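Chemist: Residues per chain, in single letters:
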Amino acid sequence: MSSSFALAARYGDFQLDARAAWDAPATALFGASGSGKSTLLEALAGLRPEVRGEIVLGGRRVDGLPSRTRRVGWVPQDAALFPHLSVRGQLEFARRAAASRAGRERARGDALERAVEVLGLQPLLARRAAALSGGERQRVAVARALASDPDVLLLDEPLAAVDRPLRARIVPFLAALPRATGVPMLMVTHDPHEVAALAEHVLVLEAGRIVAQGAPRDVFASAEVLGALEALGAENLLDVVAEGPPDGGALTLRTARGCRLVMAATPGFPLPARVAVRAEDILLAVDPPGRISAQNVLAGRVAMLQPLGAHVLVRIEAGGEEWVAKVTGRAAAALGLQPGATVHLVIKAHAVRALG
Amino acid sequence: MDGATLLDILGLTLKVGLVSTLALLVPGTALGWLLARREFPGRTLLRVLVTLPMVLPPVAVGLLLLRLLSTRAASGRLAESLLGGPVLLTWKAAALASAVMSLPLLVLGAEQAFAGVPRRLEHVAATLGASRWRVFARVTLPLAARGLLHGSLFAFARSLGEFGATTVVAGNIPGRTETLALGIYARIHQFQDEQALLLAGVSLVLALASTWAAEVWLRRRAR
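Line by line, the protein sequences are chains A and B.
Using our numbering, you'd call the opening residue of the first sequence number 9 and step up by one each time.
Using our numbering, you'd call the opening residue of the second sequence number 1214 and step up by one each time.
Simulated from the structure, these hints should not be mistaken for laboratory data.
None of the values given here were measured: they were computed from a predicted structure.
Quick reminder that beta carbons are idealized off the backbone N, C-alpha and C, glycines included.
Among the clues, some could well be false.
[As the list claims (entries may be wrong)] Only part of the chain A face toward chain B is listed, based on derived beta-carbon distances under 8 Å:
{"hint": "1", "residue": "R76"}
{"hint": "2", "residue": "V80"}
{"hint": "3", "residue": "F90"}
{"hint": "4", "residue": "P91"}
{"hint": "5", "residue": "S108"}
[As the list claims (entries may be wrong)] Computed footprint of chain B on chain A, listed as stretches where at least three residues anywhere in the stretch have a Cβ under 8 Å from a Cβ of chain B:
{"hint": "6", "segment": "51-61"}
{"hint": "7", "segment": "207-214"}
[Said to hold, decoys possible] Listed next, with one range per pair, are the computed distances between beta-carbon atoms:
{"hint": "8", "chain 1": "A", "residue 1": "A302", "chain 2": "B", "residue 2": "R1256", "range": "48 to 58 Å"}
{"hint": "9", "chain 1": "B", "residue 1": "R1256", "chain 2": "A", "residue 2": "R136", "range": "45 to 55 Å"}
{"hint": "10", "chain 1": "A", "residue 1": "G20", "chain 2": "B", "residue 2": "V1429", "range": "19 to 29 Å"}
{"hint": "11", "chain 1": "A", "residue 1": "E121", "chain 2": "B", "residue 2": "P1331", "range": "56 to 66 Å"}
{"hint": "12", "chain 1": "B", "residue 1": "R1332", "chain 2": "A", "residue 2": "R286", "range": "30 to 40 Å"}
{"hint": "13", "chain 1": "A", "residue 1": "R361", "chain 2": "B", "residue 2": "R1332", "range": "19 to 29 Å"}
{"hint": "14", "chain 1": "A", "residue 1": "D199", "chain 2": "B", "residue 2": "G1329", "range": "56 to 66 Å"}
{"hint": "15", "chain 1": "B", "residue 1": "R1251", "chain 2": "A", "residue 2": "A184", "range": "34 to 44 Å"}
{"hint": "16", "chain 1": "A", "residue 1": "P74", "chain 2": "B", "residue 2": "R1433", "range": "34 to 44 Å"}
{"hint": "17", "chain 1": "A", "residue 1": "G257", "chain 2": "B", "residue 2": "R1332", "range": "45 to 55 Å"}
The task is simple: from the sequences and hints, build the whole structure.
Modeler: See below:
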């Protein structure tokens, strides 16, 4: 059963204008934080009346319907279990609530039992929400959603509240869901590894727009998505050796490719072997800057420009290294940045951070 | 003061307190929910009106009630027909005065209680298919129960001590409208300090007992 949406809303400076259509048992809605993923998911669940547009879920048009009759199994990031009910109580609540809503004949009367089985909840049924671990809470929340016999599961970062070592234990449950239950799922995530592990189809959301979609393997190879990936942590990582002891609070480093870099020295700390510079901490100048406090000025050549929402990632070759700088679209236009153009990277000594 | 008189006073005080609190429970909870969960024009005005009895001198509230309950006013005649007989100078007037005076405590307590229930849980319940009423009865209300009980307890305690408004509309007729607070005041005036102290002690025991009972009940529920 195919699903689609075409939605728009405005929140101050942020504009949501997203459209996509998909028909896969397991779909990921992928994007960096602040890209509007959760808002979009909540709009699908009918919890964002200010978001306007068309929504089709599992072949059924649902915009204009209240949350109650959309038949969505929405699982918010924090699981949102009812604190006054046991695990069994949560599931029974969902079953009764779903049975009470008007709608088509019920096809899956055993939704609750199946959810308990698929998510392995039998030993937990008598427990209260407060007595569950993070991973257990997520499983209960998913089972509760399934017990309401939904047309589609909407999972908001199902692994975000789960401690990293425990994630490996909940991933198999999630991966098995669409096949075991027959309920397609749309899962919000900012982790490309989760997309690869759990989804057959991925929608890439960036600054309120769907910029790419398709099979994860194809999508993650495309340039637009590279931008979204970079935005999660566009860092310049460099292996370095110190050229001597700190002098006047500054430590001179040499990268593996021979680029000389000055960083602010922290007294008492060991000399770094690896440093990082954030893409947004790099200043670009077309003309060589004159007298300036920044300790690093590197002449280089623009290799590539990647638009990233309202910003631009500029890839630069300078001092034998490849650099990524992040500037606003306006700055890129004002400087007339083009591939092949000469630029000067300006990096404060304090923007060079030791990693180890 | 013999034992029968003391029992009369105690019984009447409890009756007035329970009746006024129970009568407030549904409208007060509804008002609290409205203030916590709904945006509507006049919400601030409603909140101001609800808190008015808390900031006005109780005697002034009593005076207003006296005017409203007077059989010369239409509201007074309506009250008589609704409550089945004369209201002024009866225990009904005392209960009404108590209810008005403790309304703010119950409503503001209920508002706090409802405001403390995460919207997210109500949203989840709605997506699961629950009707508004089911969401309220099975999610919102149980999660607000503790705060509601505290609000009711405060309202009850307030009515046990209500004096200013009650004395205006109910007078202080021994055996008919004499509550603990009125009884204490009357005995101070009659230089019966020991009896006044005895009644004050009874008030203290009553207040402690009701607070303690509520705590026990809440703790049992939390398990």
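Chemist: Each hint: holds or not?
Modeler: So, going through the hints one by one against the coordinates:
With its C-beta approaching chain B no nearer than about 5 Å, A/R76 sits inside the 8 Å limit, and its interface hint holds. Residue-level restraint check for A/V80 holds (minimum Cβ-Cβ distance to chain B is 6 Å; threshold 8 Å). Interface restraint check for A/F90: the shortest CB-CB distance to chain B comes to about 6 Å, inside 8 Å, so the restraint holds. Interface restraint check for A/P91: the shortest CB-CB distance to chain B comes to about 7 Å, inside 8 Å, so the restraint holds.
Because the smallest distance between the Cβ of A/S108 and any Cβ of chain B comes to about 6 Å, under 8 Å, the interface hint for this residue holds. With 3 residues bearing a CB less than 8 Å from a CB of chain B, the segment 51-61 of chain A meets the requirement of three and the coverage assertion stands. Coverage of the segment 207-214 of chain A by chain B is violated [criterion: at least 3 residues with CB-CB distance below 8 Å; count 0]. Here the CB-CB span from A/A302 to B/R1256 is close to 55 Å, well matched to the stated 48 to 58 Å.
A C-beta distance of roughly 36 Å is found between B/R1256 and A/R136, which places it outside the suggested range of 45 to 55 Å. Taking 19 to 29 Å as the suggested C-beta distance range, the pair A/G20 and B/V1429 does not conform, at roughly 50 Å. In this structure, A/E121 and B/P1331 break the distance hint of 56 to 66 Å, their C-beta atoms being roughly 29 Å apart. A hinted range of 30 to 40 Å for the beta carbons of B/R1332 and A/R286 is consistent with their spacing of about 36 Å.
The hinted window of 19 to 29 Å between A/R361 and B/R1332 is violated, with their beta carbons roughly 40 Å apart. Distance hint check for A/D199 and B/G1329: the Cβ-Cβ separation is about 33 Å, which falls outside the suggested range of 56 to 66 Å. Judged by the Cβ atoms, the range 34 to 44 Å given for B/R1251 and A/A184 holds: they are separated by roughly 43 Å. Between A/P74 and B/R1433 the Cβ separation comes to about 37 Å, which falls inside the hinted range of 34 to 44 Å.
For the pair A/G257 and B/R1332, the supplied restraint of 45 to 55 Å holds, since their beta-carbon distance comes to about 51 Å.
In terms of the numbered hints stated before, the structure departs from hints 7, 9, 10, 11, 13 and 14, listed from lowest to highest.
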